[in-house]
Amino acid sequence: MATRMARLRSALPEFGMLFPALALLTLFVFLPFLLSFHFSFTNERLMPRPIPARWLGLQNYERALTDPEFWVAVRNTIYFAAVVIPAQLSISLAAAMLLNSKIRGLAFFRSVTILPLLMPMTVVVSIWAALYRTPDGLLNSAYQYLFSSLSYIDWLGDPSIAMISIIILSIWASFPFQMLIYLAGLQEIPQDRYEAASIDGFGPWHAFRHVTLPGLRNTNVFVVIITTIGALSLFTQVNILTGGGPNGATLTIIQYMFSNGYSAQKIGFASAVGIVFFLTVASLSVAQRLLLKNED
Amino acid sequence: MSLRNVGRGLLAAVCLLALNGPALADLGGNVQIRYLVNDIDKISRDQPVGDDAVNKQKVDASGYFTHPDHPGFYGGFYVARELNYKQVLESVGPNEFRNNVIDSSNTVQEIYLGKTYFGDFGELGAELMLGQESQREGLKYRPKLHGRYEFANGISLNGYGTVLIQTYNGPSQSVAADREVFETEIQPGIGYKIDDHMGLWANVRVRDRTQQRALYGDLKEKERFVELGVWKNFGELYTSLRVRSGTFEMWDTLSSQDSTRNSTIRRDKINRLVGSIIEVPTSSDKAWDYEQFTAVLAKLKAVPGVKWPLDLKLNYGGEWLTYGYYPFIKSAGGDIIDSKTWRAKGTINSAATVGAIKNIKSWIDKGYVVPATAGDNRFFGDKTAALSWVGNWMWRAHSQALGDNLVLIPAPRFGSRPYAPNGGWGWAVPSTAQRTEDISKFLNFVLSKEQVAAWSNITGYIPARSDAADLTKLYSKDGKARLLAIQAQEIAVVRPIHPAYPVISSSFGKAISSVFEGADAQKAMDKAASTIDEDIEDNDGYPPFKGK
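Residue numbers (this note's numbering), protein chains in the order written: chain A, 189 to 484; chain B, 444 to 991.
Hints are supplied without guarantee of correctness; some may be wrong.
Claimed, not checked - Straight-line Cα separation of at most 25 Å, DMTMM-like style, residue types lysine to aspartate or glutamate; simulated pairs:
#  : chain 1 : residue 1 : chain 2 : residue 2
1  : B       : 744       : B       : 679
2  : B       : 809       : A       : 324
3  : B       : 788       : A       : 346
4  : B       : 966       : A       : 324
5  : B       : 989       : B       : 666
6  : B       : 804       : A       : 346
7  : B       : 744       : A       : 257
8  : B       : 804       : A       : 324
9  : B       : 809       : A       : 346
10 : B       : 788       : A       : 324
11 : B       : 587       : B       : 638
12 : B       : 636       : B       : 525
13 : B       : 675       : A       : 255
Derived by calculation from the structure, the hints in this document are not laboratory data.
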């Protein structure tokens, strides 16, 4: 009896502290998710209508999965993730290792490197829009200076280049986040492992391969998963810069969902796309988690 | 005269090696090859808006021949390859400039023939040069008079004067910038012969040149320099060394310190030019048809300074796609949706609609249209676009930037009659509203002609009532934007009135922009048709909407 009371007494403050977070999560995450799960089976619209929404069963899912445009979006999203994840992680790790070494003006470099993080993505994107501008943005001026003053690259208007432009800007804008996490991970690695490695005659490459990488294992799991989720949910850059164009070249799943849900106001359909997206990303994350098991 | 770009510096440090030809039979004379760098210091800093400073690298070769059988006669040639690069400062906005480098090269060929009369006093001669330059059409002629008067003790006065005329015989329709050239040059000098093998000279060159241009005003050049030289003979080998110093000025008779004025003047020139080659309609019943409009675009494309003849506001996206391009579709006899059956299939993908979209796309393919990624201000900012197809919200920005050079042209037609865009904001009262008296009082006030006129005067938008138009400055009888109000009243097309409009418009917009970006027109429109029809069916035709 006394132990039960004690257990309750200790659980009450725990629950009390959890409650605000749980309430907010329920209100802004779980409930909307359940709602959109429900909407995905109906023809619910963004603007209320005089007639009630109708139950459609799996029709929204069927339409999404048979829409060639949806598959274009899936392909683009996978392409983006497949390029961005390895490229961004390598750059982040390289930058983290540079900033983890003893160089002059370390604090200065560290603060400069995380500057992109301090700007909201919309601001970053607007700046890059100016850089990508044709025919006289900064990048085109550089191109014309170096190569030909008569031609220019339509960074965002050429279907074969637009996605690459988005990739470049996305990597630039968000690599410092992964870099910070890597930096923290690097500082966790005990220095004596490197000393032992150097006594054993390890060169820098072997030290990296056999000391740094295993030491970053837990960090890697986390970073890979959040980068994957971030890459798959690419939207801001595309929505502001290209709106999914030119001719679908930068259409991503979230942009597809947005244009159906907001521009065309088909919230039911967009919810179905959202559920498909959620299930895909969730299963990918679980798979990654299982494949990249934590140490211990 | 407004601005001068003064370049100053060592005009040339030329090393001259001329070989006194080992007599080929009896032929006398010399041949020389030079390499010349003419690097003009860029426009002085306090005059940022310069025009054309030409930097040159030049390789030339020349020859001079005489023959003993024809005493006094001489002839020669001059060939040169010039690598020019011009730096032009272009205005891209108020107090914002950009360096534009224009590369060009030029091959010059000249031959000349002359006769010199020798006397006790010295010599007097005349020659005529005939030449051609690869950079321009037309020939150049240059008569020349030269003479030398010898004093005793080795001192001589010498000099020459030339007049150069370069004709222009380009095609009469051409709007190429460069036309005739007129140039005068005199070079008086003094020489001193130390002995038979060595001497010194000093001379002054005064050169003035006018390059007439179809646009931008004439380009003037002024060159003043002093040249000092020494020559020496080593037997048959004749050598000389010379140094020049002086000023070179080049200025555009139209340029001014005020860049905006400058480009406005250019704009004015473009307008006048357009006016001279194209008849601009003033009312909708005389609107250009598709072929005429395309021909206008082609002509404008050739006007120097015009990068894109037409700004279709491809950068807008969204609702603009329907607002802006629906009138063209409608004018071509097409439509987005049948307003009786409310089915898109057979209408949005009809031959007329698809044809109209292909017709717009062909302008894009020909490079007539400002690309979506080139920003918003090509028409009124750097003025590289000649025409702009846009709504009345841009009136203020346009008229502020272009002033009197802003000309309204009636909406072109694709078919038998033109249509203009229409749309704005409306007032709506919910059917459940209680205080209907207050609401009607408010609405009657807001929508009175005085208030509508006041609203229009502030925003520059077309007044929503025709009787308010007379109370506004812009839209009254002699108002500058009267045409807009007339179009809004007479040929404006209302976008489809249907509860599915968000789907109708977004599907049409997505389809038309994908066609502009390279998708197949028929396929894109078929897809839009099925998306729209599917949505209307899914919603059972959107009851209680009954179709009209």
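Here is how each hint holds up against the structure:
1. B:744 x B:679: 58 Å, violated
2. B:809 x A:324: Status holds; Cα separation ~20 Å.
3. B:788 x A:346: 30 Å, violated
4. B:966 x A:324: Cα-Cα ~34 Å, so violated.
5. B:989 x B:666: 81 Å, violated
6. B:804 x A:346: Holds - the C-alpha atoms of residue 346 of chain A and residue 804 of chain B are around 15 Å apart, at most 25 Å.
7. B:744 x A:257: 36 Å, violated
8. B:804 x A:324: Judged against 25 Å, a Cα distance of about 24 Å means the pair holds.
9. B:809 x A:346: Between residue 809 of chain B and residue 346 of chain A the Cα gap is close to 16 Å, so the pair holds against 25 Å.
10. B:788 x A:324: With a Cα-Cα distance of about 42 Å, the restraint between residue 788 of chain B and residue 324 of chain A is violated, given a limit of 25 Å.
11. B:587 x B:638: 29 Å, violated
12. B:636 x B:525: 34 Å, violated
13. B:675 x A:255: 88 Å, violated
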